[in-house]
Amino acid sequence: QKEVEQNSGPLSVPEGAIASLNCTYSDRGSQSFFWYRQYSGKSPELIMFIYSNGDKEDGRFTAQLNKASQYVSLLIRDSQPSDSATYLCAVNNQGGKLIFGQGTELSVKP
Amino acid sequence: DTGVSQNPRHKITKRGQNVTFRCDPISEHNRLYWYRQTLGQGPEFLTYFQNEAQLEKSRLLSDRFSAERPKGSFSTLEIQRTEQGDSAMYLCASSSNRGRGNEKLFFGSGTQLSVL
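First to last, the protein sequences are chains X and G. If you read the first sequence in the numbering used here, its first letter stands for residue 1, the second for the next number, and so on. If you read the second sequence in the numbering used here, its first letter stands for residue 1, the second for the next number, and so on.
Please keep in mind that the hints were generated in silico from the structure rather than gathered at the bench. Possibly wrong hints are sitting among the right ones.
What the hints assert, rightly or not - Far from chain X by the CB rule (all over 12 Å, computed), these chain G residues:
| no. | residue |
| --- | --- |
| 1 | Glu68 |
| 2 | Gly72 |
| 3 | Phe106 |
| 4 | Ser114 |
Said to hold, decoys possible - Beta-carbon label-pair distances, calculated as ranges:
| no. | chain 1 | residue 1 | chain 2 | residue 2 | range |
| --- | --- | --- | --- | --- | --- |
| 5 | G | Asn18 | X | Gly41 | 23 to 33 Å |
| 6 | X | Ser52 | G | Ser58 | 23 to 33 Å |
| 7 | X | Arg60 | G | Pro8 | 28 to 38 Å |
| 8 | G | Gln112 | X | Asn22 | 27 to 37 Å |
| 9 | G | Lys57 | X | Lys67 | 23 to 33 Å |
| 10 | X | Glu45 | G | Ser58 | 20 to 30 Å |
| 11 | G | Leu55 | X | Gly41 | 25 to 35 Å |
| 12 | X | Asp78 | G | Thr76 | 40 to 50 Å |
As the structure is a computational prediction, the values presented were derived from the model and not from experiment. Ideal placement from N, C-alpha and C gives every residue a C-beta, glycine not left out.
Work out the full structure: start from the sequences and follow the hints.
Here is the structure:
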């Protein structure tokens with residue numbers, strides 16, 4: 001079992017819709033959870049982080065964490081074509097490093 | 001520019017040659033990380049430093065790979081006797097080890113290695 005798992009996609013949503021990206025992790029002791037966005041040919045860019053169970057909102061982005069289910073999600077409201085990218089889930093499992101999932105490719109169609 | 005800087009941006013080499021990459025982290029960050037990423041995959045952890053100390057190295061990492069951070073500032077990653085399977089994007093990231101959220105990594109633009 002991979003430490004951090006994501007569906008590779010592609011996930012296709014129409015412009016203006018809500019995009020829902022999901023991630024599961026294996027280490028119950030994990031404390032910190034991150035979402036990175038990566039455009040093709042570019043490096044990852046941090047967009048959200050969450051530490052506590054529940055929701056955290058930042059503009060059009062909402063991160064959701066459920067530690068009991070070992071599940072993290074990212075919702076993107078009012079999706080725009082510029083949101084088309086690969087979204088990487090990353091987890092800190094009490095060490096000093098982040099473990100990344102393989103990423104989910106999102107395509108927002110005009 | 002106060003972001004993470006990596007050089008070179010691209011490196012093409014022949015199998016068996018040695019290559020070295022450089023990373024300059026954000027100046028106030030004391031942690032520096034190296035990751036490797038291949039097409040369609042997420043970044044794979046290689047190693048990280050806190051100041052000049054190398055705190056962890058991936059067990060999957062061949063002994064052909066070595067990294068240094070001699071003065072706790074910039075870092076170099078060397079790959080000896082390169083193989084075609086080493087072709088990847090090598091990403092450097094840095095973070096600040098102060099307070100919660102110290103795991104927030106900020107990435108450089110990466111070095112794309114092609115081994116022919």
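Results for each hint:
1. Distance to chain X confirms Glu68(G) as a non-interface residue, since its nearest Cβ pair spans about 18 Å, more than 12 Å.
2. Every CB of chain X lies more than 12 Å from the CB of Gly72(G), the least distance being 15 Å, so the non-interface label holds.
3. For Phe106(G), the shortest C-beta to C-beta distance to chain X comes to about 7 Å, within the 12 Å cut-off, and the non-interface label is violated.
4. The Cβ of Ser114(G) sits about 14 Å from the closest Cβ of chain X, beyond the 12 Å cut-off, so the non-interface label holds.
5. Separated by about 26 Å at the C-beta atoms, Asn18(G) and Gly41(X) satisfy the suggested range of 23 to 33 Å.
6. Distance hint check: the CB atoms of Ser52(X) and Ser58(G) are about 29 Å apart, consistent with the given range 23 to 33 Å.
7. Range check, Arg60(X) to Pro8(G): Cβ separation about 36 Å, and the 28 to 38 Å hint holds.
8. Restraint check, Gln112(G) to Asn22(X): a C-beta distance of roughly 30 Å satisfies the suggested window 27 to 37 Å.
9. A hinted range of 23 to 33 Å for the beta carbons of Lys57(G) and Lys67(X) is consistent with their spacing of about 29 Å.
10. Remark: the range hint 20 to 30 Å for Glu45(X) to Ser58(G) is upheld by a beta-carbon distance near 23 Å.
11. Against the hinted window of 25 to 35 Å, the Cβ-Cβ separation of Leu55(G) and Gly41(X) comes to about 31 Å, which satisfies the hint.
12. For the pair Asp78(X) and Thr76(G), the supplied restraint of 40 to 50 Å holds, since their beta-carbon distance comes to about 44 Å.
The structure does not agree with numbered hint 3 stated previously, though it agrees with all others.
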